[in-house]
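Student: Per the UniProt record's numbering, the sequence shown runs over residues 1 to 334.
In case anyone wonders, no lab produced these hints; they're calculated from the structure. Mixed in with the good hints there might be a few duds.
Computed list of lysine-lysine pairs in DSBU-like fashion (alpha-carbon distance at most 35 Å, straight line) [claimed, not checked]:
hint : residue 1 : residue 2
1    : K30       : K81
2    : K126      : K276
3    : K276      : K88
4    : K39       : K81
5    : K174      : K39
6    : K20       : K210
7    : K30       : K214
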Amino acid sequence: MEGDHFFDFDDWRNFLVYWKGDFQYKETIKSFLSNSQWKKLRESIFGNFFRLQSVKFSGKLMHCVLLSEIVSNEPDSMTFKVLDRDIKFTRDAFHIITGLKSYLSLDMKGLNEKENRLLRVYFPGKDKIELADLYSFISSRPHGTTSSFAGSDDDALKLATLYFVESVLMGKRKNRNVSEQIMKIVDDDALCASFNWGSLAYETLLKSLKSCLKSNENDVQKEKEKEKDIDSYTLVGFPFAFCVWIMEVLPIFQEKQFVNFKEVGYPRMLCYSEMKSPQFDALCRKYFHNKKVFKLIEVSPFIPMEEEEDTKPLCVEESQDRGSRSSSTQFDEG
1 MEGDHFFDFD DWRNFLVYWK GDFQYKETIK SFLSNSQWKK LRESIFGNFF RLQSVKFSGK
61 LMHCVLLSEI VSNEPDSMTF KVLDRDIKFT RDAFHIITGL KSYLSLDMKG LNEKENRLLR
121 VYFPGKDKIE LADLYSFISS RPHGTTSSFA GSDDDALKLA TLYFVESVLM GKRKNRNVSE
181 QIMKIVDDDA LCASFNWGSL AYETLLKSLK SCLKSNENDV QKEKEKEKDI DSYTLVGFPF
241 AFCVWIMEVL PIFQEKQFVN FKEVGYPRML CYSEMKSPQF DALCRKYFHN KKVFKLIEVS
301 PFIPMEEEED TKPLCVEESQ DRGSRSSSTQ FDEG
């Protein structure tokens with residue numbers, strides 16, 4: 001029934017929360033690029049992600065909030081009852097946290113007809129690659145060495161951007177396929193700059209958050225540590241944004257024992273670094289199961305900031321009409 005908890009307090013259990021993306025993505029990518037290429041990447045649409053100190057998140061805090069989910073009929077968001085208040089994780093919140101534009105629909109029309117140039121040129125003879133192949137390609141070609149990347153500056157940036165999208169925004173494991181569609185989008189300058197990255201990242205994360213604790217769903221990825229017999233699950237997408245949202249709506253978790261918080265404005269994720277790992281039992285006892293603190297803890301409304309004027313994203317055909325570089329090819333979940 002709408003408004004009911006999925007999990008009663010008596011059913012709460014400790015889980016390990018994993019993310020198989022690359023926590024060291026900045027180091028991985030920076031070693032591949034020249035100083036001028038690195039500067040361009042930091043000035044790109046994904047530049048704010050390269051200003052983050054770390055994307056390490058507080059898994060136990062996120063787990064406690066996920067256990068607080070309540071039934072809702074809104075498929076594009078998640079609602080939780082935390083400290084006796086309802087809070088909602090939304091597309092707008094994800095935009096304010098990450099700075100990525102998020103439109104209501106993803107336009108993939110025309111991608112099947114585009115060539116996957118990056119795959120053809122840099123991975124000849126292969127019809128698809130795993131993220132491990134891309135990581136190996138980048139990490140084995142450090143700039144300034146005899147094995148440095150020999151392609152153009154533009155292609156170096158495209159391969160670095162592709163690795164960032166797949167390993168951080170999508171949060172993929174190394175053994176998952178690199179999306180052919182994303183390869184094609186990244187290879188088209190105009191389309192990449194205008195593409196609806198916010199929606200793609202938000203929807204990937206939301207799907208993972210919604211399914212991770214529901215064992216009857218096909219997409220759930222549960223793992224069991226055989227020796228310790230500890231339950232766990234793996235999130236995909238960019239869970240750091242969800243953890244930032246928790247700390248934004250529940251400012252008590254901005255205190256020093258949880259995170260290093262410094263007000264820097266927008267996007268909100270830049271205010272957070274060095275997230276700590278409080279224990280599950282302590283979080284339950286002191287906060288989530290402690291009715292005495294309900295009335296003492298502030299819940300901050302998450303109000304969208306004023307937006308700069310929206311620019312409608314290009315569709316694939318429009319990007320081709322504008323004379324952008326042809327290249328690119330397909331989209332699979334991998």
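Student: Hints first: check each against the structure and report whether it holds.
Tutor: Structure-based check of all given hints:
no., hint, verdict
1, K30 x K81, "violated (41 Å)"
2, K126 x K276, "violated (42 Å)"
3, K276 x K88, "holds (23 Å)"
4, K39 x K81, "violated (43 Å)"
5, K174 x K39, "holds (26 Å)"
6, K20 x K210, "holds (18 Å)"
7, K30 x K214, "violated (38 Å)"
Consistency note: the structure conflicts with the earlier hints numbered 1, 2, 4, 7.
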